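Read off the chains here:
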Amino acid sequence: MSATALRTVAGPRTRRAPVGRLARRAARAPRSVARVLAGTATVFLLSSLLTFALGAVSDANPAAAVLGETATPADIARLDHEFGLDRPLPEQFGSWLAHALGGDLGRSWFTTVPVSDSIAAALPVDLSIAGLALLFAVLLGAAAGIGAAAGNGGRLDRAVTAVCTVLGTLPAFVLAIALITVVAVQLRLLPSGGYVPFGRDPAQWLRFATLPALALSLDAAAGIARQLRTSLVGALRENYATGAVMRGLPPRRVLFGHVLRNAAGPAVTVLGMSVPMLIGGAVVTERIFNLPGIAQLSLRAAEQHDVPVIQGTLLVTVAVVLVANLAVDAGLLALNPAARKARSAGAVRR
Amino acid sequence: MSAVRTIARQPLGRAALAVLALVALLAAAGGRLAPLDPLAQDPAHLLQGPGGAHLLGTDYLGRDVLSRLLAGTGPSVLAALEAVGAAMLLGVLPGLASVRFAPALAWASLRAVDALMTLPFTLFAIAAVGVLGNGLHQAMLALGVLLAPLFFRVTRAAALGLDRAQYVEAAELMGGGRVYVLRAHVWRKVLPTVAVTTAHALATSLLTVASLTFLGIGVQPPAPTWGGMLASDLGFLSQQPWAPALPAALIMLTVGALNLLADTVRDADPADGPALDTPASNHPADTPKEQADARRPAHA
Amino acid sequence: MPADPPTPEPSPGRPVLTVDGLHVTVAHGRTEAVRDVSFTVRAGEAVALVGESGSGKTLTCRAVLGLLAPGVAVPAGRISLGDTELTGLDERAWRRIRGSRLGAVFQDPGSYLNPSLTVGRQLAEPLRLRLRLSRAEARRRAVDLFAAVGLHDPEAVHDRYPHELSGGMLQRVLIAIAVSGEPELLVADEATTALDTVVQAEVLELLDRLRAERGLALLLVTHDLAVVAEVSDRLLVCYAGEIVEDGPTAEVVAAPAHPYTEALLRVAPLGARGRRELAVIPGRPPEPGTAGPGCRFAPRCTYATDACTAAPVALDPVPGTHRRSVRCLRAADLALQGAAAPDRTPPRTPDREPDRTEVPA
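Chains as they are written, first to last, in our numbering: chain A, 1 to 350; chain B, 1 to 300; chain C, 1 to 361.
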């Protein structure tokens, strides 16, 4: 109410920055923001418990991992003590989580390299490629979805629907293989594998990152296109679209200025849901394109039964997914001020 | 079996069922249908194209591609079924029961579901294999745990709607026992939703199995799987660029049929079928309806 | 300009909207839902199109606005706005008409506004686009318009989202938007239907004032005769896709010539409230395309004879009147019951303040 009051007396305002508007809306809905944050924290806690439990139920131990068959009971006890595995499980979990929150994920049983160091080296690869993939997904998905909805029932619409259906049935790595075959092997346009960090040479990075990002993005792009088409077609039939037409606005403006804004919500949700998919797909994509990412790290750790690295990669992945979800929630908040309908309406109507 | 008949009445549903029946047949009898030993190497005929003695050609060790495809169907499909079975076990009954949970427990169970849904399938399966030992069963159990929230959510949502439905209340008032009500009323309504989710989960599961076997997780190298064949084809793209197309086509066909089946079941469900929409129909004193019919702008 | 029944002067304004022999088909031409509808709306005149749901009034109105759903078409007839022919206009030409020469308000006004933009911005958008106004100028214009439609604290309303306003306020906002382009014709399609009676009266009063002040031509579409009896000059009664009676409102209300109009009057809360014996007209209109050859109301009509259902009935002048016509064989020999002559001044509501925004201290 107080924020509303401020708005009322503020008088004519000039252009507002979108961030400012978002902050204002967030300020008007402190309760829902708190709820989202509490939910996210709970989910993170539960995921970390699950991640920890995965290690706890296994019979893997550092001695067996490092020494294999030759490990004696004395070796096992010594290494268990070294890694703190002889303590009670709740205590282990508590200290693991506390350290993890402080950025310390323990040391690899194999190399004794800090897990956070390995992840810090690998994560930028994933984040930069996933970021590029997200960009591709949004651009391709939005273009296809909007095009299909604008030409509802037409040739473009049918083509988009068909392509999306096919993409939905393909594993990401099949696409990757197809892209390598066509773009790298046949046309020789881009390298079939390898990686150069963005910080060292952005142009080279783009050369190496484009194919994996494209392969990763297509599934998400198909999801976005399908969702956007459905909600756009629905929204174009809504009364407010008719209202915008009746105001004499051109179709382009009705679509982009009014309908898209309201129809984008579900597509943004799909985008958020595709983040775990992107990371899941990244495992295979990294293998195919030979990228030194977090999934390769996890894969190697799984082969070596290196529990701290497995747990660390999983926990960091969960954190990335949760942050992405929060970003999606913030995006939805920015798109849809009516989410807090009941509260504000009550204040005005009496 | 009336559901199967409903699906079979639609041409697309019929096509999906036919493809799935074929895949099931291959999965059950694939190894025996194989014309040659899927493991036999033929050094004289490496990387051959289709035709001749090898109907679909040979791979880099001279093994018969057709035989490997047929023999590889069983493990891939069985693994996917295993994961979905585990997911149903873990998801459906708790989902139904959760309707009667105390609010705190319901909240906690929903957060647990959220937690499971943040975990990427492949990465979690790899982690599970890493700590539990390299085997398809371990990976599928992990996948089942991650797929369970899907079933939990849809059954909970369906059961929640029904819990407030008056006919369920009436049945309870008339003295129908909890189990009877669950079986006679709730289960029949929840079943289509579960069927749709099962089809989608199977599709997801098949894709994940393909990814895992592609990475060499859960299978010993010489044994053929769809994903494993793709992995070995990857090394010879310049010689046989078309080779990955065969296992990929099988995966696509199966997954596509499952998605199609899910769509058919969903569309056949009378509960949320297409709303009747006849412009200017004459419902007396039903002005909003008339407006809704005439609402669509001409330019759309 | 309150018309004095029973001797109304012919409206002097020039014709703004001319509908001539309009046919509308639905279901891709398979069913005829509107048949041979003709009428004229002049500048400063309010014409009401009244009928039950399915009478074709909404389709007629949508045809005038060029907002026909897919599968709905106008196979015959002409609609012209001033000297512009609207039938067969392309989308680009329609854009120059809508919002500037033609405004519309609808039932459920909130749904016609974009939920995620402030109402002020939605009013200003076409102004800025068409007149190339600056942000500040558009805002000033918008606030003036909000004040002109009787919204209290227009500055505050300008920055409200649709969900923050009440139904009556939203309808005023929609009216402000509709008149922002200074249109010649304003179409109000069931614009007061969902509002409560007091707000309904206020919105009708506002429409009437705008008509008088701006010389606006008003086309009111409604199922409720009581709504328009007091604010319209001319009444067109629709039944099953046809106009069954056409004439000056006061005369038609006082002495209906068609049994259907009489039935509508009987169910409308008009004049002495005590006379309302029935809330509904028994029976229902025929489904489009299923009507017999004769009078479409005959199956529900207490005065029907065999002759009524035998052959098509023409819309003929009512004997002994001028500017009235009726589609009834027995118009000459029936003495139908009307309602008390309505007062053209809408009911005052002194004990209730109009919609207002809370102005926080």
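Calculated directly from the structure, the hints in this document are not laboratory data. Predicted model, so just to flag it, every value in this text is computed and none were measured. Treat the hints loosely; a few may be bogus.
If the Cβ cut is set under 8 Å, some of the chain A residues that face chain B in the computed set are [as the list claims (entries may be wrong)]: (1) 106; (2) 180; (3) 305.
The C-beta atom is built at its ideal place from N, Cα and C for all residues, glycine as well.
Going through the hints against the structure:
| no. | hint | result |
| --- | --- | --- |
| 1 | 106 | 14 Å, violated |
| 2 | 180 | 6 Å, holds |
| 3 | 305 | 6 Å, holds |
Hint 1 from the list above is the single one not met by this structure.
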